[in-house]
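J.: Kindly produce the complete structure, drawing on both the sequences and the hints.
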Amino acid sequence: MSVDLSIKFAGIKFENPFTLAASPCTDNAQMVARAFDAGWAAAVLKTTSVEEEVVELVYPMMAGLDFDDKKVIGLQNIDLISERHIDQVEKDVRELKKAYPKKVVGASIMGQKKEHWQSLVRRLEAAGVDFIECSFSCPHGMPERGMGSTIGQNAELTERTARWVKEAARRTPVSIKVTPLVPDLPHIAHAVQKSGADAITAINTVKCLIGVDIDNFVPYPTVNGKSSYGGYSGAAIKPISLRCVAEIAKAVDMPISATGGITTWRDAVEFLLCGARNLQVCTAVMKHGFRIIEDLTDGLSVYLEDKGMSSVEELVGLALPNIVEHSHLSREYKPVSKINLETCVKCDVCYIACQDGGHQAITLDEKRLPHVDEEKCVGCSMCASVCPVWECIQMVPR
Amino acid sequence: MAARQTPDTFDMAVRVASMDEVDRGLKPHQALAEAGRCIFCHDAPCVKGCPVGIDIPGFIRRMAQRNFVGAARLIRQANPLGAVCARVCPSEAQCEKGCTSAGLTEPVAIACLQRFAMDQEMARGIRQAAAAAPTGRRVAVIGAGPAGLACSLALALAGESVTMYDSAPEPGGVMRYGIPPYRLPREVLNREVDWILGAGVRFVGNTEVGRDIGMDELLSEYDAIFIGAGLGEPATPDVSGLDAPGVISAYSFLRAAGQTDPAPIAQPLGRVVVLGGGNVAIDAACTALRLGAEAVTVAYRRAREQMPAWAREVEFAQDEGVEFAFLLSPAEVLQADGKIMGVRMTRMKLAEDDASGRPRPVPSGEPDEAIGADTVLLAFGQGANESIFSALPSLARSEAGMIEVDPETGASSMAGVFAGGDAVNGGSTVVLAVSEGLRAAAGIRAYLDSSREGSECR
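Chains as they are written, first to last, in the working numbering: chain A, 1 to 398; chain B, 1 to 458.
Please note: incorrect hints may appear among the correct ones.
Distance ranges between label pairs, derived from CB positions [said to hold, decoys possible]: (1) B:Asp319 - A:Leu364: 32 to 38 angstroms; (2) B:Ala17 - A:Val396: 37 to 43 angstroms; (3) B:Gly198 - A:Pro60: 17 to 23 angstroms; (4) B:Ala132 - A:Ser6: 23 to 29 angstroms; (5) B:Arg360 - A:Pro388: 51 to 57 angstroms; (6) A:Thr343 - B:Arg127: 28 to 34 angstroms; (7) B:Arg127 - A:Arg398: 38 to 44 angstroms; (8) A:Gln394 - B:Ser356: 37 to 43 angstroms; (9) A:Pro388 - B:Arg127: 31 to 37 angstroms; (10) A:Arg398 - B:Gln128: 42 to 48 angstroms; (11) B:Gly401 - A:Asp4: 51 to 57 angstroms.
With a straight-line cut-off of 16 angstroms between C-alpha atoms, the simulated EDC-like cross-links for lysine to aspartate or glutamate are [said to hold, decoys possible]: (12) B:Lys349 - B:Asp368; (13) B:Lys27 - A:Glu342; (14) B:Lys97 - B:Asp43; (15) A:Lys114 - A:Glu167; (16) B:Lys27 - A:Glu391; (17) A:Lys346 - A:Glu332.
Since the hints were made in silico from the structure, they are not lab data.
Keep in mind it's a predicted model, so treat the numbers as computed, not measured.
We put the CB at the ideal spot given by N, CA and C, even for glycine.
T.: Following this line, the structure appears as structure tokens:
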């Protein structure tokens, strides 16, 4: 059976849901062309601004978070918007749309005032861009100038600015890129909906301080002896962006483009199940290259085939009914831990976790094999979480 | 960086008493950990080391994301015998040799990962590839070994009508009649062979070209011919007493032992001496152990460093208890009362390099010595497949006496006749045979496209 990976987002057909996010990966037409050749369906060009906006970048601007021997499970950047202004980006759009008429070219914009926003929209629309994304959400650098997350953290500013953009956009769909750094994201989503914008992109990076050099006391990335807070991205933020996408999907009936930590096809499936119709990737590409598109599309195809589904569309939102208020979760359901002693390697990390972080339900016999006292086990599943052996500990209903 | 994962095996006592596959494969968590060791380096030297050019980082990336079936399909695109090759390739000398991870710790266990992916695919069933519309052109494939099978599949998928002939009853060639089951379970081979036949390849067994069917008949009935007939008869050295009962060709020994379970070796083997130093000698030695030999010695006329057998195979045999005797050349099979007593061996020393680039063994002048034996297995290699040359006298030979082919297309000196595998390379790996079969399939299609419709060979 052949599966169809194409999906519509904001009225536009994408050959697959995978889109390069506005980032260093999309800072010129040549890079995007290579990505299109590799199989990416779409790209959002790196955020641009009007010519008079001064953009001065600092270096180094990236710092990875390593965990054990895994490099860059998260990434901090103190990059800003593109140094390439609208005059260059509109050229890129024309060039790309001419060479790749079936690929989707989006552009990300940021402005200080109404005229900026509206002029950016008009010029991009004239260049033939397929959709426009508005960054109301960059957490570092730009807020100091009243831009970025300053807008996205305020519902009124969000609605007003989005209206300016929609006024100027005569035929091009507009997606508002939101920040997770708000106490009530559904409230912001409602503001976006009221503005008349066509879609929401969730989320931008999470404001962070990724680490400090403990020898010279300066955080990373170190710019001539100083550092600054930055935007956190990559696999590490996926749980946050997944939550944000689900919250928005349950709050408003708008197409969502998900971004924030999408690294594998499995992540892709999860975001689709939580209501996303489009998937943006950046950090995984910065680490592994445009080639990962093959793994994303192939993995998604095999998954759909396994599920007996013929299109991506069928997945959208399937997990949403299964996300409920905490108070609506069953209090009667009492699972218990079952340890497979055939495969157990007697590392007994389950025992440690249960003793010091659980309910002292696991005991060790004289052979160091762990046993669960079902009376004491509350079913918390910490033991199953820490077990290093494939499917050795399962949580089963009593 | 994490340590390289090692597949499970049996306790030695269980291992040498059984024809079951020695390598038990990686467990799922090991496969994920091993896939995680790949750096996904830019240059991917592993791919250059693979004769069929499997997209190795591509399949490992899929595995790291638990898309095992996607990984297997990617492997299968390049190698129709991916599950067989995962087991029998000398990966340490091919893909793993150039692995960038070796610069940090050890190479990624690429063959083990491939094996895992292929096993996952087998459990689910290999997806039948869709064949192109029939072209109406007919191709005969002589020999159903790895080269013939790979060539047949590629042609069948392209819509050519393929008939594969083999003198043996079942397809598989050396994979079925040479490689022992403890290295390559027949179930694995059968699944891949069945999948290839399922693509529409017709198999005609028990049919030797030149004996049961004439070469002229093939030449007139088919639009092109592929010869993947392997090597010819085993070489027999100039040693007296080879006609004694209990002197057996290692090739027929392995063929019999690999057939059915229990293996049809009637007489007790007793003490076994294997004469030769190639992989066939090692396979025969380890198979003899499994069939109840009291002791097994491999005697080779050069030193260990010159053995054509792969180092890992020699280690494998030593682990199992096979003894090795070097610099000994057989002079006479000793008999008493019509029964083998042993082999009189001449002590050798190494002299200047011969044409093969290895030091030539010459008698050292020391007195001969006897090795006690009840069974002698002969593994002196095989020569060119002479039955093919007698059936096609105008077929040009390479310097080594094999079928000469164009290195780009696999075309022989005769128009419409292509060749690959051991019959061309003189005896090499399964994966090289696959690559030569695939090369010839492309060559045959280009030839058919360019030749006049309906024309015959020559």
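J.: Look at each hint and say if it fits the structure.
T.: Do the hints match the structure? See the list:
1. B:Asp319 - A:Leu364: 32 to 38 angstroms: Given range 32 to 38 angstroms: holds, Cβ gap about 35 angstroms.
2. B:Ala17 - A:Val396: 37 to 43 angstroms: holds (39 angstroms)
3. B:Gly198 - A:Pro60: 17 to 23 angstroms: Given range 17 to 23 angstroms: violated, Cβ gap about 56 angstroms.
4. B:Ala132 - A:Ser6: 23 to 29 angstroms: holds (25 angstroms)
5. B:Arg360 - A:Pro388: 51 to 57 angstroms: holds (55 angstroms)
6. A:Thr343 - B:Arg127: 28 to 34 angstroms: 30 angstroms Cβ-Cβ, so the 28 to 34 angstroms window holds.
7. B:Arg127 - A:Arg398: 38 to 44 angstroms: Holds - the Cβ-Cβ distance for B:Arg127 and A:Arg398, about 41 angstroms, lies within 38 to 44 angstroms.
8. A:Gln394 - B:Ser356: 37 to 43 angstroms: violated (59 angstroms)
9. A:Pro388 - B:Arg127: 31 to 37 angstroms: Check passed, 33 angstroms falls within 31 to 37 angstroms.
10. A:Arg398 - B:Gln128: 42 to 48 angstroms: Distance hint for A:Arg398, B:Gln128 holds at roughly 45 angstroms.
11. B:Gly401 - A:Asp4: 51 to 57 angstroms: Between B:Gly401 and A:Asp4, where Cβ atoms are some 55 angstroms apart, the hint holds.
12. B:Lys349 - B:Asp368: The given pair, whose Cα atoms are some 13 angstroms apart, holds under the 16 angstroms limit.
13. B:Lys27 - A:Glu342: holds (14 angstroms)
14. B:Lys97 - B:Asp43: At roughly 14 angstroms apart (the allowed maximum being 16 angstroms), B:Asp43 and B:Lys97 satisfy the hint.
15. A:Lys114 - A:Glu167: holds (10 angstroms)
16. B:Lys27 - A:Glu391: holds (11 angstroms)
17. A:Lys346 - A:Glu332: Answer violated: A:Lys346 to A:Glu332 is near 32 angstroms, above 16 angstroms.
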